[in-house]
Every structure is written in C-alpha cells, then in structure tokens.
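Student: Now for the letters of each chain:
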Amino acid sequence: MTLGLGVWWWTFPSKLALEPAVGLLFLGAWLKLVEAKDRRDGYVFIYTGFVLAASVFLFHQTLWQAMLVLLGVVMGFSALLQFELDSESGKQPSRWLPVAAVTLAIPITLVWFLIFPRIAPLWAIPLAADVSRMGMSDTLRPGDVSQLGRDASLAFRVEFGGEPPSYNQLYWRGITLGRFDEGTWRQHRWLNQTSQRVSAPELMVSDSDRRYTVLQKASHRHWIYALMPSVTSDDRVRIYPDFTLKTRWPITSDMAFDLSLLEPIAVNPVISATSRRVETAFPVGLNPRSEALVRSLAIPGDIGATIDRVLQWYRSQPFVYTLEPTPISAPDFVDRFLFDTQSGFCEHYAYSFVAPLRLAGIPARIVGGYMGGEVNPLNGTVAVREMDAHAWAEVWIEGLGWMRYDPTGVVAPEHVQRGALESLEDAGGFLTASPLSLMHLRHWRWINRLRLSLDDLNYRWQSAVMGYDRDRQVSALTRLLGQISPARLLALFAIAISVTFVPVIALFMVRYYRHNRQPRVRAVQVLDRELRRLGIVRNPGETLRAAVTRSQHSEHYLERAVMLSDALAQAEATLYQS
Amino acid sequence: MQMVGPRNLGRASWNNWLTRRIPKQSIVTLNQRRLFIFPSAAGLAFLALQVLLLLVAINYQNNLIYGLVFLFGTVLVVTIHLTFMNLHGLTLKAAGGAPIFLGERGAVRFELICAQRSRWSVGYGWQRADLRTQLAGLDRKTLELPITHDRRGRFNAPRFYLETRYPFGLIRCWSWVELTSSTLVYPRPVPPPADERIVPENADGATFRRATSGDELWELKPYERGEPLKHLHWLSVAKGFDPSIKVMGESVGTGSNSIDFEDYPGVDTELRLSWLCFRILEASSLGQKFALKLPTIEQTMGSGIAHRDQALEALSLFRTNDSDSVVRA
Numbered sequence: 001m002t003l004g005l006g007v008w009w010w011t012f013p014s015k016l017a018l019e020p021a022v023g024l025l026f027l028g029a030w031l032k033l034v035e036a037k038d039r040r041d042g043y044v045f046i047y048t049g050f051v052l053a054a055s056v057f058l059f060h061q062t063l064w065q066a067m068l069v070l071l072g073v074v075m076g077f078s079a080l081l082q083f084e085l086d087s088e089s090g091k092q093p094s095r096w097l098p099v100a101a102v103t104l105a106i107p108i109t110l111v112w113f114l115i116f117p118r119i120a121p122l123w124a125i126p127l128a129a130d131v132s133r134m135g136m137s138d139t140l141r142p143g144d145v146s147q148l149g150r151d152a153s154l155a156f157r158v159e160f161g162g163e164p165p166s167y168n169q170l171y172w173r174g175i176t177l178g179r180f181d182e183g184t185w186r187q188h189r190w191l192n193q194t195s196q197r198v199s200a201p202e203l204m205v206s207d208s209d210r211r212y213t214v215l216q217k218a219s220h221r222h223w224i225y226a227l228m229p230s231v232t233s234d235d236r237v238r239i240y241p242d243f244t245l246k247t248r249w250p251i252t253s254d255m256a257f258d259l260s261l262l263e264p265i266a267v268n269p270v271i272s273a274t275s276r277r278v279e280t281a282f283p284v285g286l287n288p289r290s291e292a293l294v295r296s297l298a299i300p301g302d303i304g305a306t307i308d309r310v311l312q313w314y315r316s317q318p319f320v321y322t323l324e325p326t327p328i329s330a331p332d333f334v335d336r337f338l339f340d341t342q343s344g345f346c347e348h349y350a351y352s353f354v355a356p357l358r359l360a361g362i363p364a365r366i367v368g369g370y371m372g373g374e375v376n377p378l379n380g381t382v383a384v385r386e387m388d389a390h391a392w393a394e395v396w397i398e399g400l401g402w403m404r405y406d407p408t409g410v411v412a413p414e415h416v417q418r419g420a421l422e423s424l425e426d427a428g429g430f431l432t433a434s435p436l437s438l439m440h441l442r443h444w445r446w447i448n449r450l451r452l453s454l455d456d457l458n459y460r461w462q463s464a465v466m467g468y469d470r471d472r473q474v475s476a477l478t479r480l481l482g483q484i485s486p487a488r489l490l491a492l493f494a495i496a497i498s499v500t501f502v503p504v505i506a507l508f509m510v511r512y513y514r515h516n517r518q519p520r521v522r523a524v525q526v527l528d529r530e531l532r533r534l535g536i537v538r539n540p541g542e543t544l545r546a547a548v549t550r551s552q553h554s555e556h557y558l559e560r561a562v563m564l565s566d567a568l569a570q571a572e573a574t575l576y577q578s
Numbered sequence: 001m002q003m004v005g006p007r008n009l010g011r012a013s014w015n016n017w018l019t020r021r022i023p024k025q026s027i028v029t030l031n032q033r034r035l036f037i038f039p040s041a042a043g044l045a046f047l048a049l050q051v052l053l054l055l056v057a058i059n060y061q062n063n064l065i066y067g068l069v070f071l072f073g074t075v076l077v078v079t080i081h082l083t084f085m086n087l088h089g090l091t092l093k094a095a096g097g098a099p100i101f102l103g104e105r106g107a108v109r110f111e112l113i114c115a116q117r118s119r120w121s122v123g124y125g126w127q128r129a130d131l132r133t134q135l136a137g138l139d140r141k142t143l144e145l146p147i148t149h150d151r152r153g154r155f156n157a158p159r160f161y162l163e164t165r166y167p168f169g170l171i172r173c174w175s176w177v178e179l180t181s182s183t184l185v186y187p188r189p190v191p192p193p194a195d196e197r198i199v200p201e202n203a204d205g206a207t208f209r210r211a212t213s214g215d216e217l218w219e220l221k222p223y224e225r226g227e228p229l230k231h232l233h234w235l236s237v238a239k240g241f242d243p244s245i246k247v248m249g250e251s252v253g254t255g256s257n258s259i260d261f262e263d264y265p266g267v268d269t270e271l272r273l274s275w276l277c278f279r280i281l282e283a284s285s286l287g288q289k290f291a292l293k294l295p296t297i298e299q300t301m302g303s304g305i306a307h308r309d310q311a312l313e314a315l316s317l318f319r320t321n322d323s324d325s326v327v328r329a
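Order-wise, the sequence lines are chains A and B.
Residues in the first sequence are numbered from 1 upward in steps of one, following my numbering.
Residues in the second sequence are numbered from 1 upward in steps of one, following my numbering.
Warning: the hint list may mix true and false statements.
Examples of chain A residues toward chain B, derived with CB under 7 Å [as the list claims (entries may be wrong)]: (1) Tyr47; (2) Ala66; (3) Leu80; (4) Pro93; (5) Leu97; (6) Phe113; (7) Pro121; (8) Leu122; (9) Thr247; (10) Val465.
Over the 12 Å line for every Cβ pair with chain B, so calculated as not near, a few chain A residues [said to hold, decoys possible]: (11) Phe83; (12) Asp181; (13) Arg309; (14) Val375; (15) Glu398; (16) Arg449; (17) Ala494; (18) Gln525.
Ranges of calculated distance between the beta carbons of each label pair, as one might list FRET restraints [unchecked claim]: (19) B:Met85 with A:Pro540: 29 to 37 Å; (20) B:Leu52 with A:Gly4: 21 to 29 Å; (21) B:Arg11 with A:Gln525: 37 to 45 Å; (22) B:Arg105 with A:Gln570: 33 to 41 Å; (23) B:Gln32 with A:Tyr512: 36 to 44 Å; (24) A:Trp123 with B:Asn31: 42 to 50 Å.
Since the hints were made in silico from the structure, they are not lab data.
This structure is a prediction, so every number in the text was calculated from the model and none was measured.
Virtual Cβ for every residue (Gly too), placed ideally from N, Cα, C.
If we strip away everything but chain A, and leave its shape as in the complex, we get:
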C-alpha cells in the first residue's frame, strides 16, 4: 500500500490532473484485488475496472482501443456472471452469455448514441497534464528539448470539400508567439480576452470547395490547427484577431470542426499601435553581431527587400537542419546560433529569423503549428502527425498584412517540399519515440498499403464516431428520419428493439414448435395440462395411465373426469397405435 502510494507520488509530479486521478483509481483497484475477500469486494473491483475501461477513452480513442475496451467490458460481465454460479456443480451455462448480452445490447446502444442530446460541459474539469508530447507548447525557449520528429502518432486529420491546396501551402497554424519576454516567446496577452475575438459568420463563405473539416485528436488544449485565413460558424470556437482558432473548452476528446478557407484578400490588413509595439520589441545589446548584420542588410523603407536580403544571407551560410542540435540557452541565443553553431530545427530558425527583423523595426512573430502531412490516396484525407510539428515566421508588410516566411524552407528546402516523413529520415532522432510504428517499414510496398488502409479505417471511425457532435447529430438524424420528431425517434427505437429481440424470439419459437408440433408430444401435453388442473404433475417415468389413476383422489376429479379420459385415450392412441 505504502509502496504503491510512493510509486504513485513519484510517477505523477502534478497531482491535480487527469492521469494521477486515473493512476490512483488503478492503484485502488489493484489493492482491492489483494485484499478482496467477499462478493462486495468483487463488485467494487469489477466496477472500478469498468471506470478504468472508460477512462482509457480519455486518453485514446482509436478503433483498436475501443475494441480492447469492449473486450474488457465483456470480461467484466463474465466475472459478474461467475458470482452467480455455483462453482461446485458440474453444469454451467454457456460462457458466451456475456458476449450474447453485449451483442444484443448493441443496436439499442447505437440508437441511444445517435439521438442522445449532446450538451455542453457542466463544469470545469481536470485535464491531462502530459501534453509535453503533443506538438507545440504554448511558449518557446531555445533551450527546451525538442520532441519534434520523434513521434508518429496522429495529431489531426483534414478532409477537404474540394481540391486540397498544394502541398507547400499546407501550413497548419496553431498559435502565434508575438510577445518576447525575458528570453521566452509567448502569446499576446489579449489572446486571453474574449472581447477581442472576431465574429465570424459574415466572413463565412458558402463555396463548398473551400470548406474543410479538421478532425482534431484529443489534445487537452484549446488550439485548432487551421490554414490561414480560416473561419468557422461553430459556436464552440472563437476566432482571434491573429486568425488563430481557439475552442471554449479544452479538446478533451476527438472532435470535428468545420472550417472555411477565405481568400487572403478578404482579410482587412490593419495593425493596432499596441500590436505593432509588442511585435517589434526585442532587447537591444544582447546580440551585437546580429545587430551589426541587420544594419548591413536592412534597406530602410523597403521591408520586402530587407527580408529578401536576410533570406539570401541564410542561404549563403552553411546551416544544418538537425533534430539534435547543440543546446544553446544563453541570453545571446541569436548570435550564438547564427554565427557559432549554425545547426538546429524549425524553432531555432524561426527565432533567429524573427529577432533580426524586429531589430530592424519590422513587426514579426513566430507561428507554431504543423506543416504538410501525409495524403492518404484511398480517401484523400491529410493525416498530420506529431512529427510534422513546425514553426515559422510571419512578417507584417504594409498593405498586404501578415505574410508567411519559412526560414527552415530556405535552409532545408526538401523539408517543405516533401514533408517531415521523407526529409527528416536522415536527421538524428527521427521517430525514436515510436519504435513500433509501421512507418519504419513504409518502404515495403504492401506494408505501406496495409498501413494506409488501416489509416483509412481509422479515419472512417474518427469521422463517424469521434466527430459526432450536435451539428452532425442534427444532420444525421434529419437524413435518417426525414424530420426529427418524437414519433420518429420512437420509431427508431422500435426498430432497434425489434432488431434485438425478433431474432431471439424467433429462435425460441422455432425450437419450441419444432418440438411441439410432433403429434405424440402434443397429445401428451394436452393430457398433462388436464392433469395439472387437478394439481397432478407426472413424475419421471410414471405412465400416463398411472398418473390419471393417481388423479382420481384429487378434489375436482369428477368435474374433469370426461375430459381427462378423452385426453388419455387420445394420447395412448397416438403413442401406441401408429
């Protein structure tokens, strides 16, 4: 017990999040098993197991995990069944009974799933603390250890209404880091103020070609990764002035968001004085070599030309793209990176690109998100994985607004053109966090095809089950029922109930009648019914005639005597005279 609690204390540094709660539950269940002595303990153990099975879904929601949980639930019911059985007597009911019970429950479960109203969360909830694994963090510090490129798990999936944009346009923006504060890049403070959000409906386009759906995996964060500039009419989502999309509640389970991609021209390019001040701020004097470089490259009054010259300079230097760079955590990061180590990954390039521009008085910011993804040829969806996480820069250009620049693309063009999967292969540390991923074997053609088929299956699952929210509920029910009315919902239930019970009843009836239709069985049954009216049940092995003789002592024999002798004659005739 003490040991268990100790391990728990040591495993979960933060005690008020979701994982420690589930961990404690698991510990409790395990300890309960050790001290279980009566049936009540058994129930507590099995019920805790059910809750644990459900809590799996808080972290993983793939088809495989769902099947695993279903198996666990069936095993739980099997355990409950064992409580009811006499372990000593030889005969046992079918061990498939729990499977049958769960199978019978599935049609009605589906109807409930379809029609149960999806309501908004009732209160705030503890979230998963272990989000360091998941793509971008909310802040950027150059000394942080990077997990990029090591994890092949799915971050989100995108389904386009029309033709998807070209591959090198797939920059999925999550957050903008516009505020530089004591060596750390952070979001603007105003991003936490709801009054600043942009109302979207007037920007919503009706052109279905420009619509797309993001099936976001549970990230336990608020960010939706979207193309620039995207809007939505989803009331769970807020749109901020920097065109980042944020949900009201953390994304605690897989969810679908319908977005529309705007023409860049539709966005009115204005920058507030505050924003301009924050987004050009960078401490002077820390990076003397970079400041000298900027002075030599900057062309006052021509931002475009200045940027071109900076990128030109990047191209001329022997920069190396690597996932395991020499860590730099000194305050003069930009100098050390640009002139000494010259090796790093996207975050470093974005940082070292934005800083000199700011020193030249140009508003610039870092954008965190994902780049590219894998297009599944089977369904045309784009699967974006954690290893596709990326950081780039946005620069304010008068008259055009915020323009995207990707210094990583200049240094390692293959990264942008082909995506992480192919370009990172040779970089150290690639996929080290996913040792069992089928991606390691993607060069074998049939394995790759299998991998893409599984991916397609998971997409269908994710799209149909995980993304089922209020809007999809309304459209699915309308498609299914024509209109949503109580009568039709009841009809749906009636169908589900008949789907469940008609086969079972039919099976019983067939078995019953196959037995009873035989004339000899019928005749004996008629006699037995007559006898039972007199309170006589035939003993095993007792002849019909003996039972009738025995019934003569019963109270109402005289009233039924004629009927009884007729039935006996009929039964004997059928049994013995054929």
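Please arrange chain B on chain A, whose structure you already have, making use of the hints.
Tutor: Chain B alone, transformed into the frame defined by chain A:
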C-alpha cells in the same frame, strides 16, 4: 400477543395483499403476476456508475464514453429479461414432509419443476435466499427448507422466498410462494420419572417379543446390498424414498399396556404428552402391544408401525385446531 403498530399494520396489509396476489396453492407456476423484479443493490450501484460516467462523457465531450454508458444501460435492460426468464415458467409443488418430533431439525419440502430451459442459480429460503440450486434442462428437484418447530401439531408451511439474480447479479427477480404443505410435529419424547409413573398391574407379566417371522410388518430398515429383493419395501421405493427392507414379525406374548393420559394427573399437558410419547416409542421398539388413551381418543390394543403412527398423530393433534380431523380410532 402482537403489538399493533403502524409497522405491524403495514406488514399485515402487505401479507393480505400478497395472499390475494399469490394465494396458497399446492402447485404454483411462476408468472408475471407472481414475480417481482427490481435492480439489486449491485444493480443500483451499477446505475450510479453509469450516471458518473455520463457526467464524465458530458464534461469531456467524449463520444466513446457516451457509447459505453449507453452500452451499460442497454445491457442492464437486456439483463432484466434474462433474469425474469430465469424464474418465469418455473413450477413449485408441495412435497409432503415426513412427521418429526418436536426438537428435531425439520424441513419443509417442495419440488422445483422446470419444463423448458435450464435455470441457473435459484436461491430460496424463509426470508432471504440462504440456499441455492440450479436445474439443468428438463429437470425436477426436491428441495428442503430447514425449520425448527416450536410446538407440536400440524404445521402448515408459511410463505417462503425464492429469488434469482442470474446472470449478472444486477437485477433481482423474486417471489413469495405459499404452498399447501403440512407436516405433523409429534411431541418431544421425554422419559417419565419412575416414581411418577403408575405402572399398570398387568404390564409386568406381559412379555412381548418379535417372532422371527410373521405376517405383520414390524419395521423398515435401510436396504443393504445382497439382501433378498423379495423383502424390499416397494411402496417406499415407488414414492421415491431410499430403498428399505421389510422386517416382518409378530408380537408374541400376553397382556397389554395401556398408555393413558390420566396416568399422570395434575401434570402439565405438554409434559404429559411428552411422557406418553416416550412410552409409545418404548413399547413399540420392544414389540409390546399397547393402547393409547386420551380424553378425546381411545385406541384399541395393537402393535406395528401403523398403530404407533396413529397414536403419535393423536398425541400431536391433541387439543389443537386440527384435532377434529383425526377422529378415526
């Protein structure tokens, strides 16, 4: 004397209602009318678990947890049917109990008859399901409800409880069944103290011995392998008892033994009956002829099992509500 309080009033009206709904019968088939069904404590806890998971599903907006909650709920509903079907159609029939002496551990016997499918884990008992049985396929079983009697006389079996929680223990389906089943309870045999016993004069000279053969059924003893089958007591075999061997005999001797209620004037009635009971058993085991004399009944001299049982029955029913039914001697 029963206290008349709201609790007893409630119990009385509950019993009345139950008697109307499930009247006393010698054979009862469990149907919708006779069965009650409700979630068990474990089932209520399971419901609470579902509410908890539903809250989690709502707050985390987790569709799979929603699905799991609906699955649990539907399995619970399916279980209602499975549990109900485990008792529905089951027939109970009173099986007569052998007479016993007061103070012995008795039992009320009934037969459980299953005409269709297997019935698993059927619990039964007087108030709670202390005992458990199961019927595999077409089957019948004679079951016993243990009981300790507190007075002699004809004992009518009270209502007893029958339940099942099969398959998952989440739903309890039960019934209160009253079968017309009665058992004779003889008085407790107590040896009368020697000084109080007024020995009849003619009893001393009487010698009763069992002859080695005869045409009177003397006693039944358990059948052992190898004994001639012609001595088998077929009647009891046919009734489903353990096979037993007839020991034939004949009482030899003269004289008679009158076992009279008035032998012990002034003694408490129950104690007197206990003494008489002991003397009847003693006389019967010694093979003596005897006659029981009660204020209500007077036996003729006789011996043998039937004679003994008649005497014991008379003792059992002496001055009880049932006594009029056995004025036979």
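Student: A separate judgement is required for each hint: does it hold in the structure or not?
Tutor: Results of checking the hints against the structure:
Restraint check, A:Tyr47 versus chain B: the minimum CB separation of about 5 Å is within 7 Å; hint holds. A least Cβ separation of about 6 Å between A:Ala66 and chain B falls short of the 7 Å threshold, and the interface hint therefore holds. About 4 Å separates the beta-carbon of A:Leu80 from the nearest beta-carbon of chain B, less than 7 Å, and the hint is met. With its C-beta approaching chain B no nearer than about 5 Å, A:Pro93 sits inside the 7 Å limit, and its interface hint holds.
The criterion of a C-beta within 7 Å of any C-beta in chain B is met by A:Leu97, whose closest approach is roughly 6 Å, and the hint holds. With a cut of 7 Å, the hint placing A:Phe113 at the interface with chain B holds, because the nearest CB-to-CB distance is about 5 Å. For A:Pro121, the suggested interface contact is upheld, since its CB lies about 5 Å from the closest CB of chain B, less than 7 Å. Residue-level restraint check for A:Leu122 holds (minimum Cβ-Cβ distance to chain B is 6 Å; threshold 7 Å).
Look at A:Thr247: its Cβ only gets to about 10 Å from chain B, farther than 7 Å, so that hint breaks. Proximity of A:Val465 to chain B holds as hinted, the smallest CB-CB distance being about 6 Å (cut-off 7 Å). Chain B draws A:Phe83 into its interface by the beta-carbon criterion, the shortest separation being 5 Å against a cut-off of 12 Å. At roughly 33 Å, the least C-beta separation between A:Asp181 and chain B is larger than 12 Å, which holds for a residue marked as non-interface.
Distance check on A:Arg309: its Cβ is at least 49 Å (rounded) from any Cβ of chain B, clearing the 12 Å threshold; non-interface status holds. Even its closest Cβ contact with chain B, about 26 Å, leaves A:Val375 beyond 12 Å, as expected for a residue assigned away from the interface. Remark: the non-interface label on A:Glu398 is consistent with the geometry, its nearest Cβ contact in chain B lying 43 Å away (cut-off 12 Å). Interface exclusion of A:Arg449 from chain B stands, the closest Cβ pair being 28 Å apart, more than 12 Å.
At the 12 Å boundary, the C-beta of A:Ala494 stays outside the reach of chain B, the nearest C-beta of that chain being 14 Å off. Chain B draws A:Gln525 into its interface by the beta-carbon criterion, the shortest separation being 10 Å against a cut-off of 12 Å. At about 24 Å, the beta-carbon gap between B:Met85 and A:Pro540 misses the expected band of 29 to 37 Å. A hinted range of 21 to 29 Å holds for the C-beta pair B:Leu52 and A:Gly4, which are about 23 Å apart.
At about 41 Å, the beta-carbon gap between B:Arg11 and A:Gln525 stays in the expected band of 37 to 45 Å. Checked against the hint of 33 to 41 Å, the C-beta distance between B:Arg105 and A:Gln570 comes to roughly 47 Å, which is inconsistent with it. Our hint of 36 to 44 Å for B:Gln32 and A:Tyr512 is violated, since their Cβ atoms are close to 19 Å apart. Separated by about 48 Å at the C-beta atoms, A:Trp123 and B:Asn31 satisfy the suggested range of 42 to 50 Å.
In this structure, the earlier hints numbered 9, 11, 18, 19, 22 and 23 are contradicted, and the remaining ones agree with it.
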